[in-house]
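K.L.:
So you can see what is in the structure, the chains are spelled out below.
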Amino acid sequence: MTAVVQARGVSKRYGSTRAVDDVSFEVEPGRIVGLIGPNGAGKTTLLKTLLGLTDCEGELRVLGLDPFRQRKQLMQNICFVADVAVLPPWIRVSDLLDFVEAVHPNFSRREADAFLERTPVRRDARVKELSKGMVTQLHLSIIMAIDAKLLVLDEPTLGLDILFRKEFYTTILSDYFDEQRTIIVTTHQVEEIEHILTDVMFIDDGRVVLDESVDAVADRYVELTTSGDRAEEALALQPIARRDVFGKKVLTFEGVDRERLHGLGEVKTPGLADLFVAKLRGARA
Amino acid sequence: MIRRAYFLMQRELWEHRALYLTPLVIAFIVVLGVATALVTGGGRIVGFENMVAGMQLGGQVGSVAGVTALAVGPSTVFVVGLAFLVFFYSIDALYAERKDRSILFWKSLPLTDTEVVLSKLATAALVAPVITFGFVAATHVVILCLSTVAVWVGGGSAWELVWRPVPLLQIWVLSVYLLIGAALWFLPYIAWGLFCSAFAKKNVFLWAVLPFVVTPLVERLLFDTNLFAKFALGRLSYMQWIKASFSGENLHIAFGDMPGRLTGDVNLLSLVDPGKFLSTPGLWGGLVVAAGFTAGAIYFRRYRDETANG
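Residue numbers (the numbering used here), protein chains in the order written: chain A, 1 to 285; chain B, 1001 to 1310.
Excised from the complex, chain A in its bound form:
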């Protein structure tokens, strides 16, 4: 099957700064890709180029289309939720659904209504009268009712409380995701999405520093918790990062055989947040 996203040498400049710098990657259908990076790393800019919101250099195909020049066709098959893509505060819930139904060929009003039935969102309320959680539910009801091939989430749960955040991802996983559909997600709260991802991309300073499946990450990276002499021995194996936790040393290794480390302390697969820090320190050193 052809890739959902094909990027070759994609760059985006703002003046003299390169927000996205010669990035190449592919995203296959049926994957959930976490795009992880610090503020200003170029995550949002990269997503914008994927969504055709901004022009870019290099070769970029999304669902086989040129996102900037074929935006309208593209948006029939992409859904997009971002903390900055706010629902208009003045619109009534029922009017909003009418509007989306009129302009979106792949929107099912029946499904959106069914979804909203399970929420406290009133049809005659205006968006500005709803709580932030209810606005998210309303937005979700629209997203879930659109038969899209690619879902792009940019900090979708920013400002929501923990219950809504959990519910958000649960809903997307159970009601939306299947092997034909693809999700690309960015968030600060890596721990919350870690267990649902199939792939991770680390991005720093406009460049992709890691692009792997979660399985490959588990194979390649090892975290060792150790202390004393054994720590000295482990340090000789050249970890890519080290940190101290409660007097113990936590070392991250890349491409080092787990068997070799077993005798040296407690071995496990690093969390994405820790791995991210390790990779970034390494890249920046």
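Just so you know, the hints here were simulated from the structure itself, not pulled from any lab data. Do not take every clue at face value.
Claimed, not checked - According to the in silico footprint, chain A covers these stretches of chain B (three or more CB under 8 Å from chain A):
{"hint": "1", "region": "1007-1014"}
{"hint": "2", "region": "1110-1123"}
What the hints assert, rightly or not - Think about it this way: if two alpha-carbon atoms lie no more than 30 Å apart in a straight line, the pair counts; the simulated DSSO-like pairs of lysine-lysine are:
{"hint": "3", "chain 1": "A", "residue 1": "Lys132", "chain 2": "B", "residue 2": "Lys1201"}
{"hint": "4", "chain 1": "B", "residue 1": "Lys1230", "chain 2": "B", "residue 2": "Lys1243"}
{"hint": "5", "chain 1": "A", "residue 1": "Lys72", "chain 2": "B", "residue 2": "Lys1099"}
Stated by the list, open to error - Pairwise CB distance ranges (calculated):
{"hint": "6", "chain 1": "A", "residue 1": "Lys128", "chain 2": "B", "residue 2": "Ser1157", "range": "50 to 58 Å"}
{"hint": "7", "chain 1": "A", "residue 1": "Gln70", "chain 2": "B", "residue 2": "Ala1069", "range": "31 to 39 Å"}
{"hint": "8", "chain 1": "B", "residue 1": "Arg1004", "chain 2": "A", "residue 2": "Glu59", "range": "40 to 48 Å"}
{"hint": "9", "chain 1": "B", "residue 1": "Ala1138", "chain 2": "A", "residue 2": "Glu57", "range": "53 to 61 Å"}
{"hint": "10", "chain 1": "B", "residue 1": "Lys1201", "chain 2": "A", "residue 2": "Lys132", "range": "24 to 32 Å"}
In this text the structure is predicted, and so the values were computed from the model without any measurement. For glycine and all other residues, C-beta sits at the position ideal for the given N, C-alpha and C.
Model the placement of chain B on the given structure of chain A, informed by the hints.
P.N.:
Chain B alone, transformed into the frame defined by chain A:
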């Protein structure tokens, strides 16, 4: 396609409720004013009987003039209201969605920037005037009904004194002609407003208005000419448009000698001269300018990138 266009314009009405609330308020005030005038003037001061007697004395010509004035007069209030409404709508149309940050939501739907901008242009030039016309026509009918009651109280025949003399249909056809004409004539200003609302970071009002003040001054200072004032400001004063819309000779009768010497069977529609209007070079020059600003508005909505933060 039509459904899509309909909902795009419907959306503008959901967002900018002033588009129908303003003419509604004007209609209410006009009707209230006419009712007050009838009750205090016609009722208490003159007396309905005397009023009717006066109307009968005025004869055919007087009735036509009086009733026509009663119908046309309020229209001007609506037109002034409409001008303000369209101006403020056009400078807000592409700015509000950036201010309330809903633009990225709209952009997450399969809509082109061209579609969206054109729907806003059509709302300003077409939907707003049509809505206002609806209220104008309704106000006419209500005023005539109030007059009918007043005439009845005074013992006269409403048919003879009110309904037969008033050229209601002509007035309406004339109004529609003027509204279409105005939309086309003033389209460059609407497009300019949309352009500013798409391009300005803030202070859209100043961006939209200041060039009209500053450009003539600069031009005078540098070149000692006043071409900008002649074209951009001369066009804005409605006289050019009125002159272009009507055939010259009849205009004098209608506007110069109102209402005393109006003949009984004046045909308002004989004043209308669409051929003259359509062959005015200024109309087409303006439409070219409007197309340019509209294209600019589309360009800015597509290319501007305000959330360049990550």
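K.L.:
For each hint given before, does the structure comply? Return the numbers of the non-compliant ones in rising order.
P.N.:
Numbers 7, 8 - these are the hints that the structure violates, sorted from lowest upward.
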